[in-house]
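Trainee: Mind docking chains C, X and G on chain U? Use the hints.
Number of protein chains: 4
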Amino acid sequence: MSSILQQLRPQDDTTTAALTDPLALAADLGERLAATAIERDRAGGHPKHERELIRASGLLTLSIPAEFGGQGADWTTVMAAVRILARSDSALAHLFGFHHLQLAGIQLYGTELQQRSLLTATVRQKLFWGNALNPLDKRTRATASPAGYILDGVKSFSSGSVGSDWLTVSAWVSGADRDADAALIAVVPTEQAGVHVEADWDAFGQRQTDSGNVHFEKVYLPTALVLQAPGQAATARSTLRSQVAQLIMTNLYLGIAQGAFEAARDYTLEQARPWFASGVDDAIDDPFTQHRYGQLWLAVRPAVLLADDAARQLDAAIRKGDAVTARERGEVAVAVAEAKVLAHRAAIEISSQMFELLGARATSSRFGFDRFWRNARVHTLHDPVDYKLRDLGRYALSGRVPVPTPYS
Amino acid sequence: MSSILQQLRPQDDTTTAALTDPLALAADLGERLAATAIERDRAGGHPKHERELIRASGLLTLSIPAEFGGQGADWTTVMAAVRILARSDSALAHLFGFHHLQLAGIQLYGTELQQRSLLTATVRQKLFWGNALNPLDKRTRATASPAGYILDGVKSFSSGSVGSDWLTVSAWVSGADRDADAALIAVVPTEQAGVHVEADWDAFGQRQTDSGNVHFEKVYLPTALVLQAPGQAATARSTLRSQVAQLIMTNLYLGIAQGAFEAARDYTLEQARPWFASGVDDAIDDPFTQHRYGQLWLAVRPAVLLADDAARQLDAAIRKGDAVTARERGEVAVAVAEAKVLAHRAAIEISSQMFELLGARATSSRFGFDRFWRNARVHTLHDPVDYKLRDLGRYALSGRVPVPTPYS
Amino acid sequence: MSSILQQLRPQDDTTTAALTDPLALAADLGERLAATAIERDRAGGHPKHERELIRASGLLTLSIPAEFGGQGADWTTVMAAVRILARSDSALAHLFGFHHLQLAGIQLYGTELQQRSLLTATVRQKLFWGNALNPLDKRTRATASPAGYILDGVKSFSSGSVGSDWLTVSAWVSGADRDADAALIAVVPTEQAGVHVEADWDAFGQRQTDSGNVHFEKVYLPTALVLQAPGQAATARSTLRSQVAQLIMTNLYLGIAQGAFEAARDYTLEQARPWFASGVDDAIDDPFTQHRYGQLWLAVRPAVLLADDAARQLDAAIRKGDAVTARERGEVAVAVAEAKVLAHRAAIEISSQMFELLGARATSSRFGFDRFWRNARVHTLHDPVDYKLRDLGRYALSGRVPVPTPYS
Amino acid sequence: MSSILQQLRPQDDTTTAALTDPLALAADLGERLAATAIERDRAGGHPKHERELIRASGLLTLSIPAEFGGQGADWTTVMAAVRILARSDSALAHLFGFHHLQLAGIQLYGTELQQRSLLTATVRQKLFWGNALNPLDKRTRATASPAGYILDGVKSFSSGSVGSDWLTVSAWVSGADRDADAALIAVVPTEQAGVHVEADWDAFGQRQTDSGNVHFEKVYLPTALVLQAPGQAATARSTLRSQVAQLIMTNLYLGIAQGAFEAARDYTLEQARPWFASGVDDAIDDPFTQHRYGQLWLAVRPAVLLADDAARQLDAAIRKGDAVTARERGEVAVAVAEAKVLAHRAAIEISSQMFELLGARATSSRFGFDRFWRNARVHTLHDPVDYKLRDLGRYALSGRVPVPTPYS
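Protein chains in written order, with my numbering: chain U, 1 to 408; chain C, 1 to 408; chain X, 1 to 408; chain G, 1 to 408.
If we strip away everything but chain U, and leave its shape as in the complex, we get (with noise of 0.2 Å):
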């Protein structure tokens, strides 16, 4: 076991307690970060105290097998715990579901060595995983070096790394003797002497998604933490990560756009006036009303349907390991793009929609009913929709999956 992940030693030995239900657990959990929700887009920053109520509900586990002593969830359900932690906030739902996004990573690319270190440690140190993988920012450049690499440069939409204890990384061999495209992935612990974690996000939305800019200033990459060698062809399953990943944010969507609907219909229930034309005592009587929710209820519902399917799906692919073949794989992109073009649609209009349902009094900024378009438009600007239809439109077409990429 190399040095590195013999530091990975438990430094807390209090094992997660029996969870029965961890739907229910993230139901609470939604609840205590949404009585603060609020007030904290407002401020953005770091939400130091709502990570610790993540890492203290034992959720950060979830998804690491029972051999390395997490909960040994299957994707659906960690999937439905960001749903609804997103119903609240969906910017701590995002640490929360790349969290596991990193831990998937190990456990798709990593050996068996990397991923019984690294996942034990995850789970009896209880770290938090952040990313700093962005494979379009190609600025991270890893030199070799006799045990390993160096690591230099910027790597930006790092989400979740300011605060994080480990970090997952890709970056850019500039080795003569290599192919000058090759990259690597990698861990890294944010501790590390040379990395720097700048808190500068200043988005719209998602304002407490604790990302940012990480520079890498002669960070050394022991070999033992690098999950996937520069040279290293993509597999079938290794690819499944994509994939993970497009379905966090397809429940990250989905819960923004069930969050809202709820706000809206709570607001109508409870605060709405009949429009003084409609001829209607109440307003949820106004049949203008009532067709309108019928209409955002039917952006949702399917969503959801083909979201937990997809999960169904990517579930069944991860169970057949290295067995998984390339179009079992594609049919999983499918499956999660269609969920996530409609979780997309769901977000960006109800978000935006609600509003024609509430009238000009729910524009005060006390009920923060515009976070969630906020949150939408900056969290579904991900990867371009228009990619996601054509993707999807040459497989109705042609029967052609999706080229495996980081974005499908």
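Where hints are given, some of them may not hold.
Stretch by stretch, here's where chain X covers chain C in the computed footprint (C-beta under 8 Å, at least three residues) [to be verified]:
(1) 50–61
(2) 195–209
(3) 384–396
Restraint-style ranges between C-beta atoms, simulated for each label pair [unchecked claim]:
(4) X:147 x G:269: 53 to 61 Å
(5) C:56 x X:43: 54 to 62 Å
(6) G:320 x U:366: 44 to 52 Å
(7) G:273 x X:280: 48 to 56 Å
(8) X:147 x C:273: 50 to 58 Å
(9) C:199 x X:43: 20 to 28 Å
(10) G:27 x X:52: 52 to 60 Å
(11) G:43 x U:66: 29 to 37 Å
(12) U:28 x C:327: 22 to 30 Å
No lab work stands behind these hints: they were computed from the structure.
Where a beta carbon is used, it is the ideal one built from N, C-alpha and C, also for glycine.
Mentor: Below, chains C, X and G alone, put in the same frame as chain U:
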């Protein structure tokens, strides 16, 4: 046993051969219907030969419980068969689906004796059932007579009546000692004296649905054939019949949508030419074509998932028998309404927008591609989609399930 | 004057009577066409009698300058007349519009002598022009001969060719000493030896557009009838012809949209019944009905304003004569494209959605309401709407005007 | 002349300099507002400095007839100025537009004396008017007193009240001898004793509209300042005020839509990167980007044409003076409603969809691009778009013009 029911004695003892896969049978039948669908759509009229193909397929007994000699398929399977047939020929799919709707009515309204005699007869005599139930057309009156009723009047939109063996009929009781608004539901042999079926359906789509006006002239209706007596309160269970009807339509629309999609796709793959300004050599490489196919695909896929989910809910509710509650019945109605609105939209949008993908040459009558829109357009007017959206909105807003009516 | 042009001598000296209001004439003509439009749509075939009604109306000379004996109407007026006719009968409106398109071609491409002789002859002989210009069908070849060319080949989608007096034709020059890609544009009498018009149009809409394949077998084409020689560069002015064509289509689609809207409105006012669950006594009081009519209205109104605006811009550009610049021509193309996309959408959406407002009884063939969708669907496929949107996007983004082609 | 009106004596005799082009002035003003719009949107609060920029521009007298010292611009020009300002800063554009709305009220409701004194004072003293008219908030009561009324109560949604010189106010008369439902409309100096303007507007958009609750505590209202007495019947002419209001909003939405479109376009041209899977080198060559820009363009363009058309109709109606009929007033309301619905949709859709074209980096707060959606979203809730569609549907169906209300 009443004399009328005794007449339903076996005239044909050959029981249906073991059908291992009804959907394979449906697919096979669909292919045979497809061969002449375009020309029969053009000609209109009574599809005598094709009705016999359906009868010969053995699928007329699909929904009949095994104890009465049928295959005892659940509604999920029956719906799937409707959808398969509708891909090729939505008029014949309608005849098939509404035949099973009448059988559902017997099972949901009828006494045990009625079920046994009518369903057994249906198996043994290979009966084809038609509909004369239109609840909005109250022109057919029932007058109490010594051992039953006398029916007089006319019933419009009676699909499947032309060429049927038996009909389900509703009539309004005009006797002075009863509530003037009370309706009865009954069955009558189409050849019963006084029943005149008029083949006067002239809609621009669904042309071979054997629909038309059924005239009743002093038709004797023995009490034994009355499924639901005039004063009899509907139960949660019996009102599930309208959900069977709505779900048949849902799957019919979906079959049209899928048929249109496949016709478009095949044309694009085999015949379409790239637009001169596209810069691509092959029509399937046009980015706008791919994007549009992606969008149309996303119109169908969710509707299919919702329809299948609704069918499973319907089956579960029916399996509960008399124990099914009004709330449970209402939840089924919500699931069916969700699926129906999406299927409605999918059928209309795909059958109209497919042409943007195919170009002017595809409008030649020899392809018959306009029949998808005409069939979808005519059939989706059964009941207004806006009131489905209203019902869904009411449910989404305040949890109110739809009031049971023949349409909800 | 060439001998061919001399043959265009007056055969009928009665000049068109003073027409005080061409649009009143068009409205009157439209009413007469409406009387039989449904049955002629059903029958298809050549509308010989209705062509004579158009001829007798005097409107065939509407766009011909006064100096040649025409009414000298601007294009804004001609387009309005097309729209009026299309409300009643979009197939005959197409014949009318494309007749004027050929006259536009003569004015935009032709020499002064050609204009004088051909337009004067059109007035005096009440000629009806047809189209055989399809630039995407390059099967008609022109071979240079002593005093002109010999035409051979076939030309598809030749609307208005059946029953025409003269045709505009395009042909590709196959001589070795010329650019193999060069096309000529010319006029020929339909009765010229070797011209065979095939009445083989079988689309499911726009059935009486007298469209079909025109075959040319050793057809002698004297130089005097060549409007645009093979090598001749198109000018900004001459390429305005495609904008005349596009704007005719725009107004045709708008006429269909308006005709459909009016048919729906009249049906709702006169025949529609309120839905039983609506709680209103009169269909026009249904809030969803009112809301939908509002939406359909908003599909037509802006398109009308844009079409009229584009027509005024077209007139202004044409009035500039040879001084019109490529930029000005491009701005006209943008205005026409804007109007065309909106008109396209209006026609398709209204003709399909109108049925949601009318209910199942309105699908009876005796109303012929499906012809609006069939006509709109067939005609809007002339060129892909997605490429219009692309052109508009390019313009909106970087100010690039559309490249002049026969479609833009 | 009443003493109050006498107080409106000239305090500043410099007349506005000759303004050759008010729209050039507006464009210049807009540019100055744009320079700080993003930071002021973030900060919220009272735009004292920017109000002075508007005042200094001379545009506060734009709608005042020349006879009273104003520029006598028609409403078409005032609306264009609103639109220009809203491209840069829709909150300040609102203050500007609603100032002119109050001036419209004086002209439409006021006596000749009131017009002369109030408008002349507005010119000479460079007064800035605010609104406290909200007709749905009936909490402000007027009690008859010897020479006028005493106002008590509160008025919400009073845009432009903070920092205003004068206010238009509505109040409900509670005297026993009057119709309990009668309202009066009057003007009061904001500094009048008992008037307290609360700067408590906290909506998430249109943050600097100086809106809030205005409290009236024993405010003396002399009869001379009452524009419309409690019992006084509204005339077709006076109810045009709501059309002025609605058209100001229309142009405000359009300005937002145009501002958002231009911001997106500039970003795409200058900063956007092509998506890695697009196969193009420049973002502006992405076919989906071009197509989407085409669609957004088509959301704005028709709305602009309709808004301008409606403004011309409004001007024509106002020029008719008292001769304007209820029907003519109604036709104006229809034209304004058409434009308003389109502008509403354009503003909401463009401000939300623009991000699909820009990608995640464009969500950085430094660009402030979310303000377009927030501003549009808040302001478009003034009155429900569904009731505009209902009104348009009623008109389209049966020719009924909208009932004059403060919203239609």
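Trainee: Hint by hint, note whether the structure agrees.
Mentor: Hints versus structure:
1. For the region 50–61 of chain C, the stated coverage by chain X is not satisfied: 0 residues place a CB nearer than 8 Å to a CB of that chain, which falls below the threshold of 3.
2. Proximity of the region 195–209 of chain C to chain X, defined as three or more residues with a beta carbon under 8 Å from a beta carbon of that chain, is established by the 4 residues found.
3. For the region 384–396 of chain C, the stated coverage by chain X holds: 5 residues have a C-beta nearer than 8 Å to a C-beta of that chain, and at least 3 were required.
4. The hinted range of 53 to 61 Å is satisfied by residue 147 of chain X and residue 269 of chain G, whose Cβ atoms lie roughly 55 Å apart.
5. Checked against the given bound of 54 to 62 Å, the beta carbons of residue 56 of chain C and residue 43 of chain X, roughly 37 Å apart, lie outside it.
6. Checked against the hint of 44 to 52 Å, the pair residue 320 of chain G and residue 366 of chain U passes, with Cβ atoms roughly 46 Å apart.
7. Checked against the hint of 48 to 56 Å, the C-beta distance between residue 273 of chain G and residue 280 of chain X comes to roughly 55 Å, which is consistent with it.
8. Against the hinted window of 50 to 58 Å, the Cβ-Cβ separation of residue 147 of chain X and residue 273 of chain C comes to about 37 Å, which falls outside the hint.
9. Hint check: residue 199 of chain C to residue 43 of chain X, Cβ distance near 22 Å, so the stated range 20 to 28 Å holds.
10. For the hinted restraint 52 to 60 Å between residue 27 of chain G and residue 52 of chain X, the CB-CB distance of approximately 58 Å keeps it satisfied.
11. Against the hinted window of 29 to 37 Å, the Cβ-Cβ separation of residue 43 of chain G and residue 66 of chain U comes to about 53 Å, which falls outside the hint.
12. Restraint check, residue 28 of chain U to residue 327 of chain C: a C-beta distance of roughly 27 Å satisfies the suggested window 22 to 30 Å.
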